[in-house]
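2 protein chains.
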Amino acid sequence: MSGFSDNIMRLSGRMLSQYPAQRDWDGKLTRAPHPGIIPTCSIVTLSDNLPKQEIMKWNGWGYSDSKFLYNKKGQAEFTGKRYRLSGMIIPGLREWMESTFGANLQHKTPAAPILNSSAVQPPTLNEAFLKELKSTGIPFSHDAEDRVFRSHGHCLHEIFALREGKIGRVPDLVVWPNCHNDVVKIVELACKHNVCLMPYGGGTSVSSALECPPEETRSIVSLDTSQMNRILWIDEKNLTAHVEAGIVGQDLERLLNESGYCTGHEPDSMEFSSLGGWVATRASGMKKNIYGNIEDLVVHIKMVTPQGVIEKSCQGPRMSTGPDVHHFIMGSEGTLGVVTEVTMKIRPMPEYQKYGSVVFPNFEMGVACLREVARQRCAPASIRLMDNEQFKFGHALKPQVSSIFTSFLDGLKKFYITKFKGFDPNRLCVATLLFEGDREKVLQHEKQVYDIAAKFGGLAAGEDNGQRGYMLTFVIAYLRDLGMDYYVIGESFETSVPWDRVLDICRNVKARIVRECKDKGVQFPPLSTCRVTQTYDAGACVYFYFAFNYRGLSDPVHVYEQVEHAAREEILANGGSLSHHHGVGKLRKEWMRETISSVGMGMLKSVKDYVDPNNIFGNRNLL
Amino acid sequence: MSGFSDNIMRLSGRMLSQYPAQRDWDGKLTRAPHPGIIPTCSIVTLSDNLPKQEIMKWNGWGYSDSKFLYNKKGQAEFTGKRYRLSGMIIPGLREWMESTFGANLQHKTPAAPILNSSAVQPPTLNEAFLKELKSTGIPFSHDAEDRVFRSHGHCLHEIFALREGKIGRVPDLVVWPNCHNDVVKIVELACKHNVCLMPYGGGTSVSSALECPPEETRSIVSLDTSQMNRILWIDEKNLTAHVEAGIVGQDLERLLNESGYCTGHEPDSMEFSSLGGWVATRASGMKKNIYGNIEDLVVHIKMVTPQGVIEKSCQGPRMSTGPDVHHFIMGSEGTLGVVTEVTMKIRPMPEYQKYGSVVFPNFEMGVACLREVARQRCAPASIRLMDNEQFKFGHALKPQVSSIFTSFLDGLKKFYITKFKGFDPNRLCVATLLFEGDREKVLQHEKQVYDIAAKFGGLAAGEDNGQRGYMLTFVIAYLRDLGMDYYVIGESFETSVPWDRVLDICRNVKARIVRECKDKGVQFPPLSTCRVTQTYDAGACVYFYFAFNYRGLSDPVHVYEQVEHAAREEILANGGSLSHHHGVGKLRKEWMRETISSVGMGMLKSVKDYVDPNNIFGNRNLL
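Residue numbers (the working numbering), protein chains in the order written: chain A, 1 to 623; chain B, 1 to 623.
Derived by calculation from the structure, the hints in this document are not laboratory data.
For each residue, glycine too, the CB sits at the ideal point set by N, CA and C.
Don't take every hint at face value.
Claimed, not checked - A few chain B residues facing chain A, derived, Cβ under 10 Å:
hint, residue
1, E311
2, G322
3, D481
4, Q562
As the list claims (entries may be wrong) - Derived list of chain B stretches under chain A, where covered just means 3 residues or more per stretch with a C-beta under 8 Å from a C-beta of chain A:
hint, region
5, 182-194
6, 269-279
7, 451-461
8, 602-613
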């Protein structure tokens, strides 16, 4: 049981509306907020006012109440009430898992159910820092649960270790600044007393960015931004919103929606990831074709660094004032400071939204179609092409909607026999589509895209399949926890690559994964699958899933890491980038020099050495 | 007469096709060029194989053979054969100039006709550098004409001084590298022997970027990129082109057009400005609504610095690999190195192009219309709104197309009486439009935009007026030289600003200019005019023209500088940026700290100190 104490506000991401609705922008704004501005108080919640760790898993993905499990009948179900899939039986999942991985419900690898606090090192507290911190009134904790919760992201090795109850280096202290000025105070104190600060947003990193460097001897303070989560104002004249960086995606969109707006930024992690995290990692969203990626969305950024606050003086839409310092901040992955406030572009909510799907005879035709859609610059809000394995996987996740049980294979057969005669079930693949905007334009646009698809042998496969594909996006991450209950481990990773290398990279990386697994003694062929998940003028984003049954291996995580490493080498050799949007963290540091050249590394280092000479922001990411 | 010598290739921007068509990308490319790639040899020319300074003015804008003058009949004409306006009489121009500025054809201020070579300081040559340079075979010159030609951009004070025959600090040597490897050699030698290198592309800077710092005691070497101007390959699969950075806009587009492609990057300076210059200054193009600004167009950049070559390893369309080092390069304004090669996105040439124009009752309605077009994200390739003064100015530039002489005022009266009853001729303003793309889509798009315009009182005013507006873009710069023949000096400057400040900034800056001129003793009210020249989601680019009659002032350039300074202060106070696309150079350095904050300055400085610790790239821009 976590130790509450009266003077610690046990906050989870909910902001009580006790603060004045309108606030000056750091006191520096000399003109009154524009009459077109709607000041808001964000009443946001990830929960019903419960601490994060009481509603989220401490050793897995997402909400505690939502998980895949096999019930007493041996059927897969998804618990809870938060998702469309919640409370439903998924009849095909077991068969799919068994056939894909050679998994067996008898072979269990359960996680440690609760955190053993005594496995957590006592905190290394910097007393001088703590003393001054107390006088600021900023909430803090050195409670084991709070520290462990903020000690990790969601890389496989991190979750695997937690499930085994293995706790490595964790933050010594957690602090919850309430606003920009609190962050300024914390950073000043950290510099004064030489503590290591690690900004913590949504905790969804998959680049080992949040791992505490084991060699760090100073006190590590996790700076949790969740309480700085207000929309400070909405500016309807300029279609911008000024937002505190601790806000999470779902709250940002929900609050803007109340005023008829949205940012449209919808990374797969949006239920939990924060605005500050997006800026720090150069995040990308599902609907970037309409709304842009984070670099297209931000108009103004404020970051607190050891040298002081960095911010531009102007909110102009585009400038030539030397190298763009926003681009020194974006992608800095917590190594330079804490992003506190961001002005983002907003758009009126779309009038109309329509999903869709297209079945292609094979992956090559699908890719050619996506390339043509990109060439004609007529991509929908989202267009994603999954390979054959993912198509099958998607079927496996169909919930039971009637009393008639349809086996996975039967359902699959039925799908292709009735609708897609002549399509080889082991080659066909599916693209999911999302259109949004003005209804008339959407329908025109839809026709244009389906016409192009037809030229590549694509057949429309209905809105349902499209919508389901997107809904699954948010539950996929929960599946890994299920796998990990039955000897199956896996990860996703991604890249961006020029168009002419897409097919090669998909084929070669998937084949390399299979080869490496075999070499390393994996007993059952792995799941090695991909999808083209974003299109650009000059290339695409490709997303890989890789998972395998580790039964019989003495060091499964090590095998996993070797295979992932080889996969990344294969990606790079095939002209793919180090990352499209996940970032570098500590996981991919070794390739940085090759990626941006020695001079590029030197530039990043020189900025780091200037901004943070004592490595206060010592998460050791990137460099 | 300039001194030729046999071993100097007197090159002007023309590349003789004696080099192999296909070249390895720096020898590092391990895969063969893709079969879809069309290798090209660029046969480009700014001239008929004559040296730049023999076809371009040494003390004014553009081509020597093209200029405005008043003929024996006192009529304005535009000489030469290069432009649509060439060889034509412009009947209204004289009247407009006389009434707008109180100018008088009797009051002449002619320029020094030729360069007085003895006014040029003898070169400070670094003999050790020169000796090693000679052994490389790279062409060079220390001829006075070559040096003076590359000693300036096109700020008013620079041209004014040249017209008076006043020559300040100029480069001591000019070198013409032929390719990336030549640049590597030059930079190595410069570092070894401590000479100051100033990259020189098209020479169109209007930020004093090309001025040689008078305090520079080392030998200054102008690195003229004009001979590195090939398109190395066109990649039709990825729709990219790999281009040497010395290519100028008109040649790049013409060459790509031959293969059915374009970049669509059309800055007003495109006849002369270079790809490397665009990268260095964060250039913007007229049709950025379709093609993007330079940061949207580049996929890969290679730059030679004192620390070595900086380049990414990958041509992926978008990445998260830390802060984007391309953005350390873009906007560095020649302070870090020489951009040598760039991969740019290309597009198929548009099928169809259509101009248009709309007359609005007043500027406010016009701005509101542009704002709504931006809000609906349906801007044409280009949409520009000029104020009433520019509308009148546009009329003054109408060539005589028939034998019937129509006075300026008559023509104006006729225009508004016949077409735009009820419009106040002293308030109405005009937007020019350019649509391009698929013909059907263009016509649909056009309808949408005119429908919006109608809601703001806008009336379609025909294709001709639109087309003429854009044609005039390329001759406007020649007008300043005419003005300067008759006591009139002036400049353009620009900013970017949020939508809600557009009207204020236009009104306040124009008024401030008028006030300042009066205060400083300018005898005749100035021309103070603006246009909204680009639209964005969150704001617009506003372009100002400012000119006045300086007769009676003892130090006209000083008065000009004071007024310009005040105008920029007014822009900043009204929420405008330091620059949308012209850049900072030396002209706007004083506001950099305020613009990007001290921490931002420190970041730029730290990069500079790392990349170029001995200030080899010593143009003193930005910092």
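Evaluation of the provided hints:
1. E311: 6 Å, holds
2. G322: 5 Å, holds
3. D481: Result: violated, 26 Å to nearest chain A Cβ.
4. Q562: At about 22 Å, which exceeds the 10 Å cut-off, the nearest Cβ of chain A leaves the hint on Q562/B violated.
5. 182-194: violated (count 0)
6. 269-279: violated (count 0)
7. 451-461: Violated: only 0 residues of the region 451-461 of chain B have a Cβ under 8 Å from chain A.
8. 602-613: holds (count 9)
Consistency note: the structure conflicts with the earlier hints numbered 3, 4, 5, 6, 7.
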